[in-house]
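Participant: Please arrange chain B on chain A, whose structure you already have, making use of the hints.
Chain residues, written in single-letter form:
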Amino acid sequence: MKSAEADLIGRCKAGDRSAFQELVEKYQRRAYGIAFGMLRNRDDALDAAQEAFVKVFRNMRTFKGDSSFYTWFYRIVVNVCIDHCRKRAKMKPVEYDETFQRRDERQDVVPLSGNTRSMHPGVKFEQAELSKVLHAALETLSENHRTIILLREVEGMSYEQIAEAVGVHIGTVMSRLHHARKNLQIALKPYLEASGSEYAKRAGAGVRKKS
Amino acid sequence: MTDQDFELLHRFLDGELSAEQASEFEARLENSPELAGEREELMQVSALLREDISTEVDAVDFSSFYAGIEAQLAGDVFDAAEEPAPVLAREPVAPSLMDRARAWFQQSWRPLLVGAAAAAAVAVWIVRDTQPTNSAPLNGPVYVDAVSNQGNQTVLISMPAENEGATVIWLLDEEAEGTQPLDGEDPI
Chain A
476 MKSAEADLIG RCKAGDRSAF QELVEKYQRR AYGIAFGMLR NRDDALDAAQ
526 EAFVKVFRNM RTFKGDSSFY TWFYRIVVNV CIDHCRKRAK MKPVEYDETF
576 QRRDERQDVV PLSGNTRSMH PGVKFEQAEL SKVLHAALET LSENHRTIIL
626 LREVEGMSYE QIAEAVGVHI GTVMSRLHHA RKNLQIALKP YLEASGSEYA
676 KRAGAGVRKK S
Chain B
95 MTDQDFELLH RFLDGELSAE QASEFEARLE NSPELAGERE ELMQVSALLR
145 EDISTEVDAV DFSSFYAGIE AQLAGDVFDA AEEPAPVLAR EPVAPSLMDR
195 ARAWFQQSWR PLLVGAAAAA AVAVWIVRDT QPTNSAPLNG PVYVDAVSNQ
245 GNQTVLISMP AENEGATVIW LLDEEAEGTQ PLDGEDPI
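Chains as they are written, first to last, in the working numbering: chain A, 476 to 686; chain B, 95 to 282.
Only chain A is shown next, with the shape it has when bound in the complex (with noise of 0.2 Å):
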């Protein structure tokens, strides 16, 4: 734990209010944003979210700094929308390749190819078409398979992290991560470039080795 981190949350521990609102102001964005991911909703994620803060601060003192803030925090997030999208029930669990097979067969999809998006890079309504389609390629996935690829990708945790923050091997974290990815590739193919998209090359740009 970085040496400034670890004094913001040893205030907190001490009920330094302040702090605790600095904590809060620091993780806000990343929290909805994980929160976003899993519940698809704006005000179920901040309200999601803001639960989430308010079990950090009251469970603060049982913090005990053998694993990172970090993944301690994530995994309080991960719970209550886990809890949140129970309540909601709104979850359907998909076997992958079953649903998205023939949705792929699907004549009426208009692929959003790479070259057009480079062309309207603000063009609001391809996002909102593509929020869709990933709102919907999402919710088929069960929550633990949402949570370790949102943990992943939008996050950049390393398996190690998601391990840690969910509280599985590293095996079922690649296991899991393996399958979500391949039912999201399978539901959005229809919206992929084959290569030279934009998007891809800026992912590529996130690709880091091991030293």
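Bear in mind the hints are in silico, worked out from the structure with no lab data behind them.
Heads up, some of the hints might be wrong.
[What the hints assert, rightly or not] Not everything, but these chain A residues come out facing chain B in the computed CB check (under 8 Å):
{"no.": "1", "residue": "Val499"}
{"no.": "2", "residue": "Arg504"}
{"no.": "3", "residue": "Val629"}
{"no.": "4", "residue": "Leu652"}
{"no.": "5", "residue": "His653"}
Heads up, the beta-carbon is just placed ideally off N, CA and C, and yes, glycines get one too.
Facilitator: The following block gives chain B in isolation, referenced to the frame of chain A:
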């Protein structure tokens, strides 16, 4: 593409391969259009997901976010100094002679005294109650034949006298809770 290739591709994209493994895999990618195409699609999926979330986060106004949290924590103690002192477990102490005497009284004599008091109260009530009722009015006193203690209840049993044809059994709850004192409480 084999399952092993698929796993290596994911680990490559996630930066989970060592530098040496990554170099080897990159060389394979250059010679395998199938593997390279798969990598391309997975990278696009990642990018689309990140962009979607990022766009959404940017669209949200967080100016009142903390205020919402604070409102939920309104009843919570923020200052550690205001937190109540933890309750410490007391060391077990051998009961004093007085405590043992109280416990003995509690267990042995108290139910009997309560039972006798209840019997006296019933007798007085019956004598005073001269109003006729629809349900088997009793004339004269009721004599208690037996007093029985059953747990928390004291039972007064009155067997019928000749020509009365009524049996009266009185159940009096002594206490809702057990008679054993809780830790730290006065036993009486």
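Participant: All the hints need checking, so say for each whether the structure fits it.
Facilitator: Cross-check of the supplied hints:
1. Val499: holds, 5 Å
2. Arg504: It holds, given that the least Cβ distance between arginine 504(A) and chain B is near 5 Å, below 8 Å.
3. Val629: Nearest chain B Cβ about 5 Å off; hint holds.
4. Leu652: holds, 7 Å
5. His653: Interface hint status for histidine 653(A): holds (5 Å vs cutoff 8 Å).
Hint compliance for this structure: no hint is broken.
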